[in-house]
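Student: Each chain is listed here by its residues.
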Amino acid sequence: MAGKYKTPMLDELEKGEWPSFITEIKKAAKNNQMADDELGQLEKSFQTKRGYWKHGGIVGVLGYGSGVIGRYHSLPEEFPGVAQFHTYRINQPSGFFYTAAALREIMDIWDKYGSGLTNLHGSTGDLVLLGTTTENLEALFAEYSSRGWDLGGSGSAMRTPSCCVGQARCEWANIDAMAICNHMTQHFQDELHRPAFPYKFKIKVSGCACDCVAAIARADLSIIGTWKGDIQIDQAEVKKYAGSGMDIQKEIVEMCPTACMSFDGSSLTINNEQCSRCMHCIAKMTKALRPGKEKGASILVGSKAPIVVGSLISWVLVPFIKADDDDFAALTELTENIIEWWDDNAKPRERLGELIEVKGMRPLLEAIGMPPVPQQVKEPRKDPFFFWSEDDFAK
Amino acid sequence: MAGKYKTPMLDELEKGEWPSFITEIKKAAKNNQMADDELGQLEKSFQTKRGYWKHGGIVGVLGYGSGVIGRYHSLPEEFPGVAQFHTYRINQPSGFFYTAAALREIMDIWDKYGSGLTNLHGSTGDLVLLGTTTENLEALFAEYSSRGWDLGGSGSAMRTPSCCVGQARCEWANIDAMAICNHMTQHFQDELHRPAFPYKFKIKVSGCACDCVAAIARADLSIIGTWKGDIQIDQAEVKKYAGSGMDIQKEIVEMCPTACMSFDGSSLTINNEQCSRCMHCIAKMTKALRPGKEKGASILVGSKAPIVVGSLISWVLVPFIKADDDDFAALTELTENIIEWWDDNAKPRERLGELIEVKGMRPLLEAIGMPPVPQQVKEPRKDPFFFWSEDDFAK
Amino acid sequence: MSLPERQTDVGPPHYEKFLPPVIKKNYGKWKYHEVLTPGTMVHVAESGDELYTVRVASPRLLSTETIREVCDLAEKYCDGYLRFTTRNNIELLVSDKSKLDPLVAELKEKKYMIGGIGPRISNVIHTQGWVHCHGACTDASGLVKAVMDELHEYFTTKELPNKVRLAVACCVNMCGAVHVSDIAIVAVHRKVPVIDDVNVGKQCEIPTTIASCPTSAIRPNPKTKSVSINDDKCMYCGNCFTVCPPINIHNPEEDGVAIVVGGKIGSLRTDPKFSKLAIPFFYNEPPRWPKVVDAIKNILNVYAANARKHERVGEWIERVGWEEFFKLTGIEFTFQHIDDFTFMRDTLRTSAAFKY
Amino acid sequence: MSLPERQTDVGPPHYEKFLPPVIKKNYGKWKYHEVLTPGTMVHVAESGDELYTVRVASPRLLSTETIREVCDLAEKYCDGYLRFTTRNNIELLVSDKSKLDPLVAELKEKKYMIGGIGPRISNVIHTQGWVHCHGACTDASGLVKAVMDELHEYFTTKELPNKVRLAVACCVNMCGAVHVSDIAIVAVHRKVPVIDDVNVGKQCEIPTTIASCPTSAIRPNPKTKSVSINDDKCMYCGNCFTVCPPINIHNPEEDGVAIVVGGKIGSLRTDPKFSKLAIPFFYNEPPRWPKVVDAIKNILNVYAANARKHERVGEWIERVGWEEFFKLTGIEFTFQHIDDFTFMRDTLRTSAAFKY
Ligand code: SRM
Ligand code: SRM
Ligand code: SRM
Ligand code: SRM
Ligand code: SF4
Ligand code: SF4
Ligand code: SF4
Ligand code: SF4
Ligand code: SF4
Ligand code: SF4
Ligand code: SF4
Ligand code: SF4
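Protein chains in written order, with this note's numbering: chain A, 1 to 395; chain B, 1001 to 1395; chain C, 2001 to 2356; chain D, 3001 to 3356.
These aren't lab readings, by the way, just hints derived from the structure by calculation. Treat the numbers as computed from the prediction; the structure is a model and nothing was measured. A couple of the hints might just be wrong.
Unchecked claim - Capping the alpha-carbon separation at 25 Å, the derived lysine-lysine pairs in BS3-like fashion look like this:
| no. | chain 1 | residue 1 | chain 2 | residue 2 |
| --- | --- | --- | --- | --- |
| 1 | C | Lys-2327 | A | Lys-322 |
| 2 | D | Lys-3031 | B | Lys-1250 |
| 3 | B | Lys-1287 | C | Lys-2297 |
| 4 | D | Lys-3355 | A | Lys-240 |
| 5 | D | Lys-3158 | A | Lys-228 |
| 6 | B | Lys-1054 | C | Lys-2163 |
| 7 | D | Lys-3202 | A | Lys-239 |
| 8 | B | Lys-1030 | C | Lys-2111 |
| 9 | A | Lys-54 | D | Lys-3202 |
| 10 | B | Lys-1049 | C | Lys-2110 |
| 11 | C | Lys-2024 | B | Lys-1250 |
| 12 | A | Lys-54 | D | Lys-3029 |
| 13 | D | Lys-3163 | A | Lys-44 |
| 14 | A | Lys-293 | D | Lys-3029 |
| 15 | D | Lys-3029 | A | Lys-284 |
| 16 | C | Lys-2297 | B | Lys-1049 |
| 17 | B | Lys-1240 | C | Lys-2111 |
| 18 | C | Lys-2327 | B | Lys-1015 |
| 19 | A | Lys-250 | D | Lys-3163 |
| 20 | A | Lys-284 | D | Lys-3202 |
| 21 | B | Lys-1250 | C | Lys-2110 |
| 22 | B | Lys-1015 | C | Lys-2291 |
| 23 | A | Lys-30 | D | Lys-3029 |
| 24 | C | Lys-2031 | B | Lys-1240 |
| 25 | C | Lys-2233 | B | Lys-1293 |
| 26 | C | Lys-2097 | B | Lys-1287 |
| 27 | D | Lys-3024 | A | Lys-287 |
| 28 | B | Lys-1347 | C | Lys-2158 |
| 29 | D | Lys-3355 | B | Lys-1322 |
| 30 | D | Lys-3024 | A | Lys-322 |
| 31 | D | Lys-3355 | A | Lys-287 |
| 32 | B | Lys-1322 | C | Lys-2024 |
| 33 | B | Lys-1239 | C | Lys-2233 |
| 34 | B | Lys-1240 | C | Lys-2029 |
| 35 | D | Lys-3025 | A | Lys-26 |
| 36 | C | Lys-2111 | B | Lys-1322 |
| 37 | B | Lys-1015 | C | Lys-2099 |
What the hints assert, rightly or not - Distance windows between CB atoms, simulated:
| no. | chain 1 | residue 1 | chain 2 | residue 2 | range |
| --- | --- | --- | --- | --- | --- |
| 38 | D | Lys-3158 | A | Thr-269 | 33 to 41 Å |
| 39 | C | Leu-2036 | B | Gly-1148 | 45 to 53 Å |
| 40 | B | Asp-1391 | A | Lys-347 | 31 to 39 Å |
C-beta: ideal position from N, C-alpha, C; glycine also.
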């Protein structure tokens, strides 16, 4: 059954050094008609420069409202194998760690019920299984859920939280990103599976300001590890960096955004009061410098893609919150309060960032009991148009 | 008649070192009941923390629609001298130069017909005569205009253009700011005196990027002198600055925004290609550095005060235009085209900057025949939402 | 008494009539200048000719009598030539060097204040206030006097890292340079306007009034044939009052002033900058607004102590960060500081790097 | 065949189940890491324990077969442990140092591509494209392949001043990281959608459809019981199409892609940055989009030649200025570059200082 289609254009994309997704589709297509029809329909798109997929219908598994993206083809007769070609989103384990055994199990089931095509991983973080039929959904769910693999989010729901590798393999992780991610995922199971929000809500967790999971740019709630106190310096290692050819003055001192460092040729001094904890010096001199000892997280909110009023990068809401307890109680309460405020106030299809733009930061700060602090702004407002509430007069 | 009022609060403001406006009012009040009643009404404001002036009615001189700001008092019985207290705006000579004789003449007439109070000058630039009656307006106009002193602008009109001292006394003036200001004032006499615009339109001219008349911040059309070519360096003078205690490295080289300078302890080098002509080095080392030889102006547009959508600083429209011909033909045509586009498109009470915000830069650029250039932006747009016109497809 | 014959559209006199001969001769050919004292400077032309300038503080609101006194001095020392600056100081233009010192001496004797040149405070750009404007919710000249009585040494003698431009505006129309000043005062309302329904109906065009509100807080009120205001949306800008006076924005007990800082006009070193809110409110306390004066002194002192040479207030703040500004000045950060107007997106912090 | 019993709301398995023992032992106690080669690094724990990582490129769209092959390798060299990165690379986690070289050797032999660590190009964040999404107006995986075939040396060997993050999005929904990438491709429409009136009437909620338009370009059309679009206002965002499919935004002949540059996520040195428009349009030229690939190579080369060590693309551009970026790259500046959307005020130049 494989090789049903001539794919001269796609074949071009098997040439070259970079691993080829076409080769992948062909590999799957050897034993899977769905994959082969995907190949055929894709060649058609390449030939005609347009897509042939239709809007997704509402499909899913019993008792859940999310986790499956319905997808139908507009030419079901021409490509019957992809007439229905839904994606099944498996919620990845925090940090994307697997054992070979676990992955094999997932793949075996997928070969049975789906196209044999996957995305490891989707942009939100899910292990994406690409292409199955409505009929197979319940079977897939029984197979996976019984083995401990639940569905991820979709629709107007909590979306699958995601995180960087954090303390599992990174010396800079100020918070246990994977534990927080896992905790949030478990805590919001109902919100993940049964869409009841105004729109999607994404949580991402990075262990430090390097932000290796792009939390600040792609999550309604961005949790980013940081510290208080002095950067720990090992001057012997500083000397080694200098000795091994690093131009500390130029590469570190002069690139420090707050100009709070100095280097006298042998030892490095940091005015920690002025440090903004940007991570540059630590990242470039990892053997010599380490974050300060009091660990916690900065909470930022609101980032999203440009549709429809322009993309947003998350805004600082809470500059520092402790996050080292095992059940993350404070963090969870904060998250719930943020979501509650958004849920109560947002119009349909209005993301948290968009709502804040409409209402201002004040009501959200009041809802979470956070006072205004200068860390929340790059600069204060410029125009002398501002509101006063009765509370302000009472003071 | 003077001294009709007890003014304990105002008297406080005669104490202290800074010259006192209260002393000025009292000086005028000695012989002028209008000034004395101004004093009385002002004391009342200080006592009660509120103003007593009413909105201006429409008053003016025959054939003109502007130049006079009508002002009536809400307590005419209590302060009959200021029952009518209009301002008469005399268009200042470019650069605010006077002879004593000319000023005396203006003052003598003012003592005859007005309060004896003035502002030298108003924020727009006019010589402001503060407080006269409707009845006296024609007489004032006959006296002044016959002696060559015309009225300035007000209302929805061209406003009195203004400029820095420029080539009259400044070594950095790249354009003849006073000549341009005078030319514009004369060229737009009709537009100045007969309000026919959607709203006010202000022109300000500065000879260099120091912008001593705040053109970039307070004019719909900001004309700012600049140059092309290399900054002229006198290395002998550089050495003198170094010798006389200036830390050239720190004060000049390291404060250059484009980092295009270097100093080897004795001579200064500038990578002129990278210079943004910000004026810092020239201003701080005036004996050693001078602007390049090819002079011209940058044209910026749109600045204004915050009412109602927030204050604006002018935006670069034309990065460089020659302005050294005597009749400033190109500059005048450009100005006319800008005004025409604004006049054709603006709603009532919509300033040029506000209109550009609504329409985008493109229609204005097209109206003046200026191509898009990177100098017009700090950075390109971020969101991928942009328009295409049929012209773009034709290309 | 018959009046002379009026002329129209003659414009102002040509400036050449008022230029001293040394300027006419060296117009466009100045080579450099030197600041001699905080109130005097000399400009030297390529020809070698010199022009001395003596800068004298002015309250801007001048009586004809004072102007005549200044004219006397100009005639005695400057062949009658003088000018005003764009910040409303008086400049006496001395072509004959030997007359410089006597002029300065006589000015001092007559208690004129000389200064304002170089890295210091010059005159305060300000507006009409209760002296003349219907919109004023504070007095402008009074504030200037109160502030400058305290800071005059920065005009006459003391140096600062760079020029510090002060301004005062008596309402948010900002007929001055408040929005681009190093430190400035702007008067603000804090209460929703009170509507005089009868007169609104009589005097105002309802659609224009509704359209005047930037936050769409005004709705028609068919019952009263007037309008009503949605309290939650009103940010007290007063634009409705400008368009329709019976909508009274004035509230003497709750009006007052805000302090903004960090603005800048010139393009030297850094782009021109808007002023930003430092302190959202002070009650009007005429005649001397002591708390406002203290607050400005505090900001100025912190700037003077911390900025680098040539750094303007805004440049200093941006280098150390606004969080540092609030820490160093001890100014309280409030909800009002957080932009919820047009620049919100841009002013909220989008970074994990900041100072505590 | 009977199915096992389904469970609900169990969430994903706990990550601990998948952590190699060396990680479990040293969790949260890593001391430093060293990049050994562009594709291998070692993390050293306070205990002295070491964990070696080998990073392997992935097209992200993987067949089950390939995943099994990778599992084989993980079992052979890594006790079965592996992970994926946030940019969709595969990481093989080696606890036993002696197995590192053999693993690398076998990977090379099997033509896996090793690299992506350190100051170079890593995997390209991308989206579904014509493979799966109804909204795609270009293909994502195809573009990635075309671009990376040209740039793979920056993955495997060559260094750059710092990491360069690439991304591709197949429509303006940007299901990736385009808005914050060093260099990215985003698909764009350029024509007003075509309305299928009959089906709009049947399938769409008119008020929702009207409300979906960010520029208020959509009006009800009572005649057709459908809607109509004001051509002048439409900026082809496709939001109406998402809400109401019979408003067809697709136009194969005039759709294509734009290139944006200068975005950044981390807070190191400078704030996170949005990507900005570099080139507004290229026609779709499958299968290899040669002009797009050339344009990206050009930008990358100019960056590599001009940026300082550790400077990201956006940091370099902001240091030299966008006017310089356009000059150095030779990219044409067009009307499309000038923001007339929400960030206009902020992106127009408000200074007299700029480079020609
Ligand atoms: C599969 C995935 C792309 C991928 O190739 O990886 C994806 C695919 C779709 N996204 Fe997305 N989004 C995916 C991650 C994202 C991300 C990135 C992220 O989550 O970190 C974003 C940007 C961040 C954000 O949320 O703003 C993103 C922003 C959007 C948007 C714009 C939302 C907005 O508020 O701006 C839409 C439009 C919508 O929701 O109607 C959208 C809508 C869609 C839909 C459901 C199409 C639609 O209009 O109904 C796509 C289904 C494609 C299909 O048929 O397979 N997708 N989408 C990603 C989810 C996989 C996973 O679960 O792991
Ligand atoms: C007299 C003067 C203030 C002063 O003390 O110097 C002044 C006084 C008034 N201005 Fe102004 N403006 C004066 C310069 C300015 C400036 C500064 C400038 O021109 O450089 C500005 C800011 C720049 C700008 O144009 O945006 C300015 C921005 C305004 C505005 C806000 C306009 C806007 O678009 O944002 C208004 C409100 C209005 O037009 O309705 C206004 C309105 C007024 C009115 C006419 C009040 C009104 O609402 O009708 C004031 C009359 C006061 C009076 O009774 O004497 N005035 N006004 C200045 C004119 C003197 C002169 O001719 O030289
Ligand atoms: C006389 C005046 C022009 C006029 O036509 O009236 C003038 C005259 C000079 N200015 Fe100015 N400036 C004048 C208003 C301004 C303004 C406008 C304003 O304040 O509203 C500015 C913009 C302020 C701003 O950026 O916010 C201004 C920003 C400068 C600068 C830039 C300072 C800086 O480093 O930021 C310089 C250069 C310098 O001081 O090194 C300068 C330099 C000069 C020089 C040295 C130019 C020269 O070579 O003659 C003049 C004497 C300097 C002095 O006073 O310290 N002038 N100067 C104005 C005097 C106002 C006053 O009474 O104090
Ligand atoms: C494995 C991964 C985390 C994960 O959970 O999967 C990771 C791992 C590391 N990152 Fe990262 N980063 C990872 C995605 C990111 C991202 C997210 C993204 O690209 O979408 C970013 C933000 C990029 C941005 O700012 O636009 C990111 C910005 C950094 C930086 C900051 C670079 C800079 O100077 O701007 C560092 C520090 C450095 O490289 O000096 C860093 C440093 C590191 C270190 C050295 C941390 C450590 O000590 O282990 C790790 C190996 C470095 C390397 O790959 O060069 N990582 N790193 C991700 C690998 C993706 C990949 O396959 O290439
Ligand atoms: S975000 Fe920080 S803690 Fe997390 S992997 Fe990256 S560098 Fe490590
Ligand atoms: S973390 Fe950043 S701000 Fe702090 S010292 Fe290092 S480079 Fe400077
Ligand atoms: S703007 Fe420039 S040219 Fe004009 S007075 Fe100031 S410094 Fe001189
Ligand atoms: S004018 Fe400004 S940018 Fe040019 S060299 Fe001087 S300081 Fe540098
Ligand atoms: S700032 Fe306001 S109150 Fe003051 S003069 Fe201008 S319009 Fe009048
Ligand atoms: S004061 Fe301003 S915001 Fe309030 S109702 Fe009037 S116009 Fe609207
Ligand atoms: S970017 Fe657009 S077309 Fe591509 S997957 Fe996301 S929603 Fe679909
Ligand atoms: S494509 Fe976007 S801008 Fe155009 S009509 Fe549809 S929603 Fe409106």
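Student: Would you mind marking each hint as holding or not holding in the structure?
Tutor: To see whether the hints hold, each was checked on the structure:
Among the hinted pairs, Lys-2327/C with Lys-322/A is consistent with the structure: their alpha-carbon atoms are about 23 Å apart, no more than 25 Å. Taking the CA atoms of Lys-3031/D and Lys-1250/B, the gap is about 39 Å. The hint is violated against a cut of 25 Å. Taken as a hint, the Lys-1287/B and Lys-2297/C pair is broken in the structure, with Cα atoms around 34 Å apart against an allowance of 25 Å. For the hint pairing Lys-3355/D with Lys-240/A, the CA-to-CA distance comes to about 41 Å; that exceeds 25 Å, so the pair is violated.
The straight-line distance between the Cα atoms of Lys-3158/D and Lys-228/A is roughly 37 Å, outside the 25 Å bound, and the hint therefore fails. Restraint check: the Cα-Cα separation between Lys-1054/B and Lys-2163/C comes to about 37 Å, which exceeds 25 Å; the hinted pair is violated. With a C-alpha separation of about 74 Å, the suggested pairing of Lys-3202/D with Lys-239/A is violated against the 25 Å cut-off. Proximity of Lys-1030/B to Lys-2111/C is assessed by CA-CA distance (about 21 Å); at most 25 Å being required, the pair is judged to hold.
The hinted pair formed by Lys-54/A and Lys-3202/D meets the criterion: a straight-line CA distance of about 16 Å does not exceed 25 Å. This hinted pair does not check out: Lys-1049/B and Lys-2110/C have alpha carbons roughly 34 Å apart, beyond 25 Å. Annotation: proposed proximity of Lys-2024/C to Lys-1250/B is violated, straight-line Cα distance about 38 Å (limit 25 Å). The straight-line distance between the Cα atoms of Lys-54/A and Lys-3029/D is roughly 50 Å, outside the 25 Å bound, and the hint therefore fails.
Restraint check: the Cα-Cα separation between Lys-3163/D and Lys-44/A comes to about 36 Å, which exceeds 25 Å; the hinted pair is violated. Annotation: proposed proximity of Lys-293/A to Lys-3029/D holds, straight-line Cα distance about 13 Å (limit 25 Å). Among the hinted pairs, Lys-3029/D with Lys-284/A is consistent with the structure: their alpha-carbon atoms are about 19 Å apart, no more than 25 Å. Restraint check: the Cα-Cα separation between Lys-2297/C and Lys-1049/B comes to about 24 Å, which is no more than 25 Å; the hinted pair holds.
Distance check on the hinted pair: Lys-1240/B and Lys-2111/C sit about 37 Å apart at the alpha-carbon level, beyond 25 Å; violated. For a cut-off of 25 Å, the pair hint linking Lys-2327/C to Lys-1015/B is broken: about 34 Å separates their Cα positions. For the proposed pair Lys-250/A and Lys-3163/D, the alpha carbon gap of about 18 Å is at most 25 Å, so the pair holds. This hinted pair does not check out: Lys-284/A and Lys-3202/D have alpha carbons roughly 60 Å apart, beyond 25 Å.
Pair hint Lys-1250/B plus Lys-2110/C does not hold up; C-alpha atoms about 42 Å apart against a cutoff of 25 Å. For the hint pairing Lys-1015/B with Lys-2291/C, the CA-to-CA distance comes to about 18 Å; that is within 25 Å, so the pair holds. For the proposed pair Lys-30/A and Lys-3029/D, the alpha carbon gap of about 46 Å is over 25 Å, so the pair is violated. The straight-line distance between the Cα atoms of Lys-2031/C and Lys-1240/B is roughly 16 Å, inside the 25 Å bound, and the hint therefore holds.
For a cut-off of 25 Å, the pair hint linking Lys-2233/C to Lys-1293/B is broken: about 54 Å separates their Cα positions. A distance of roughly 21 Å separates the Cα atoms of Lys-2097/C and Lys-1287/B; the hinted pair therefore holds under the 25 Å criterion. Only pairs whose Cα atoms come within 25 Å are accepted, and Lys-3024/D paired with Lys-287/A is accepted, the gap being roughly 22 Å. About 49 Å separates the Cα atoms of Lys-1347/B and Lys-2158/C, which puts this hinted pair outside 25 Å; it is violated.
A threshold of 25 Å between alpha carbons decides the hint, and for Lys-3355/D with Lys-1322/B the separation of about 17 Å falls inside it, so the pair holds. A C-alpha spacing of about 23 Å is found between Lys-3024/D and Lys-322/A, which places the hinted pair at or below 25 Å, so the restraint holds. Note on Lys-3355/D and Lys-287/A: the hinted pairing is violated, with a Cα-Cα distance of about 41 Å set against a maximum of 25 Å. Between Lys-1322/B and Lys-2024/C, the direct Cα distance comes to roughly 23 Å. Compliance with the 25 Å bound is thereby established for this hinted pair.
Of the pairs offered as hints, the one joining Lys-1239/B and Lys-2233/C is violated, with about 61 Å between alpha carbons and a cut-off of 25 Å exceeded. Proximity of Lys-1240/B to Lys-2029/C is assessed by CA-CA distance (about 23 Å); at most 25 Å being required, the pair is judged to hold. For the proposed pair Lys-3025/D and Lys-26/A, the alpha carbon gap of about 41 Å is over 25 Å, so the pair is violated. For the hint pairing Lys-2111/C with Lys-1322/B, the CA-to-CA distance comes to about 46 Å; that exceeds 25 Å, so the pair is violated.
A hinted pair counts as satisfied when its Cα atoms are at most 25 Å apart, and Lys-1015/B with Lys-2099/C does not qualify at roughly 31 Å. Between Lys-3158/D and Thr-269/A the beta carbon distance is about 35 Å. The supplied range of 33 to 41 Å therefore holds. At about 35 Å, the beta-carbon gap between Leu-2036/C and Gly-1148/B misses the expected band of 45 to 53 Å. Between Asp-1391/B and Lys-347/A the beta carbon distance is about 38 Å. The supplied range of 31 to 39 Å therefore holds.
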